[in-house]
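S.K.: Chain by chain, the residues run as shown.
Number of protein chains: 2
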Amino acid sequence: MREYERNIRKVEPYVPGEQPQNKVIKLNTNENPYPPSPKVAKALAEMDTDRLRLYPDPACTALTEALADFYHVNPDQVFVGVGSDDVLSMCFLTFFNSKKPIFFPDITYSFYKVWAELYRIPYECQKLDGDFRLVKEDYYKENGGVIFPNPNAPTAIYEELDAVEDIIRANQDVIVIVDEAYVDFAGRSAIELVGRYENLIVVQTFSKARSMAGMRIGYAIASPRLIRYLNDAKYSFNSYTMNQAALICGVEAVKDREYFEEGIHKIVMTREWAKGRFEKLGFRFLESNANFIFATHPEYDAGELFEALKENGIYVRYWGSERIEQYLRITIGTREEMETLFGFLEKYVGRRKTGQC
Amino acid sequence: MREYERNIRKVEPYVPGEQPQNKVIKLNTNENPYPPSPKVAKALAEMDTDRLRLYPDPACTALTEALADFYHVNPDQVFVGVGSDDVLSMCFLTFFNSKKPIFFPDITYSFYKVWAELYRIPYECQKLDGDFRLVKEDYYKENGGVIFPNPNAPTAIYEELDAVEDIIRANQDVIVIVDEAYVDFAGRSAIELVGRYENLIVVQTFSKARSMAGMRIGYAIASPRLIRYLNDAKYSFNSYTMNQAALICGVEAVKDREYFEEGIHKIVMTREWAKGRFEKLGFRFLESNANFIFATHPEYDAGELFEALKENGIYVRYWGSERIEQYLRITIGTREEMETLFGFLEKYVGRRKTGQC
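Line by line, the protein sequences give chains A and B.
Read left to right, the first sequence gives residues 1 to 357 (this note's numbering).
Read left to right, the second sequence gives residues 358 to 714 (this note's numbering).
These aren't lab readings, by the way, just hints derived from the structure by calculation.
Glycine included, C-beta positions come from ideal geometry on N, C-alpha and C.
For lysine-lysine, the following DSS-like pairs were computed, each having C-alpha atoms within a straight-line distance of at most 27 Å: (1) A:K100 / B:K367; (2) A:K39 / B:K396; (3) A:K113 / B:K367; (4) A:K113 / B:K456; (5) A:K100 / B:K456; (6) B:K456 / B:K493; (7) B:K470 / A:K10; (8) B:K456 / A:K10; (9) B:K704 / B:K667; (10) B:K399 / B:K612; (11) A:K42 / B:K396; (12) A:K347 / A:K23.
Negatives, chain A to chain B, calculated, CB over 10 Å: (13) H72; (14) D106; (15) S189; (16) M269; (17) F278; (18) N289; (19) P298; (20) D301.
Across the chosen pairs, the derived CB separations fall in these ranges: (21) A:D106 / B:E679: 49 to 59 Å; (22) B:E481 / A:R257: 49 to 59 Å; (23) A:E124 / B:R680: 45 to 55 Å.
All chains, please: the whole structure from these sequences, using the hints.
M.R.: Next up, the structure:
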């Protein structure tokens, strides 16, 4: 073994949700089944590619202004990054430098732990209750910062804004990050609290309701003071992160509010209909307010069902880890995709019930 | 002061080269004065924007294959990132975890120091000699890793591959990164050494010779073993960094070898012609092998000249820092842009010479 091997960072290999290239029904990474606004396509087609020779605007001015306009905040309250992963990672790096542990739920987005370890931030997981709900009182203890998704992933459970506000109010000496990747499918966003709590950061993404996972855009909305700190950190490490195509397409997507709202409506309608179908098949699931359902079946093993679905060209997400080993996370696709899913599930459940295999 | 203020990361505010929005002659950030290959524009216009709803390919397969093909290496020897800043930062994070200091030149790319501090990597700067040349023997001492640009920035000096190989050979127990952002304007790349030295990483960018600073694409070429470590680190922290537009445009730019070579030829011709003009005006400069010239004038203060140029709509780069306080870094623009620059400089130098002010 060469000397340098000893000094290579040890990481836990992360396996992203599969991105199959062939024709499958892809309900495994919570993507939007509908394309982005037609205005995005138009903007790309009309883009002045000669300008690509120049560095992009490091302040992402046009996009922060469009987002500020959409959310009725000031442009100096908006920070954008390469997907919400980049934004969240930058928040960890900038704000979580206390010796006290940061708090997040035990069942939640897996990258919180990764970034905490990367930046050597002490952390302590707070256990969700038996129904996978956040226990807000757990977050009242002394800590170095708080982060949780709302709706939570992979549970899909949305906590009402009152509970979120209680946590923020109880933690005014630290930074509280509310990670709202799925909030557009759920209810009120904590963005409305930003004016009242200087310690609050709300993070959202273009990858879900805005149908642009392929463009890698995320953003944070917070007090101008916190946004300034985020920008200071970003400029000091890597100034030019958002490419010109993302900036241009991002602006167009934000401006098309009608398309955005219609898309959400379609997915929510499909989700509510799908809930009935899942129930009829004997599945149990947590109350979903996201674009996915976290479901279990009392009679069928989740791991086996996951494999059976995959063999039949239907990809869903399965972790098999503690407390959630009998759950599958199933993205809400188009009505047609869901019909195919239920067609398969009916046979799977029926076949077993009648003892045919 | 709120408690959380104490736990915010302290950073040295970095000021990127200005990106003026109005019509100026922009010779301050070493961008390419020519647009990218017309094939890039075509690819963007024809892009299937419906696919933007999906996450991009985390392995960046099409782009790593195109680069592998271009450089006659295997696809498993290529890693891509959001500009070479992202690639370099990922290399620091992955490979520089020794307790011994990493080495880099005292006058060099300013981000090396920033990443070392960010990741708490001990470092030691090795002083360039009086002519701003690398002293290769300085890098033979025990260290935790080595990084230097070739050509160096902002000096524009290219070290011949023999000297580069001497440094790599003397450091086979650590990782040696050769940062070749400007090598296409200079000479042989260290990529040809990758097959022989498993500890070597060569980093290049699409921002200079490939005219795509606005698309944020950089890459590393190394042994399959080192590329695997880089990918492990990347997947564990942020799997989807390259957006679909960057991946598609990157492939097209790489495939158009003829356009790439013509563009380099034009810039090198302008540079060589410009050297004569600078000389005639009494400037002294280091032997430039990049797309910029690092120049000083024995009779005129660099800071004053910088301001005078700016007032006249010509942006160049000036740091005013130790050892280089009398130098300006001037990007090679189009022939027309350079004519305007020299027109101004002739007046500036002449006016002073004849004592008219």
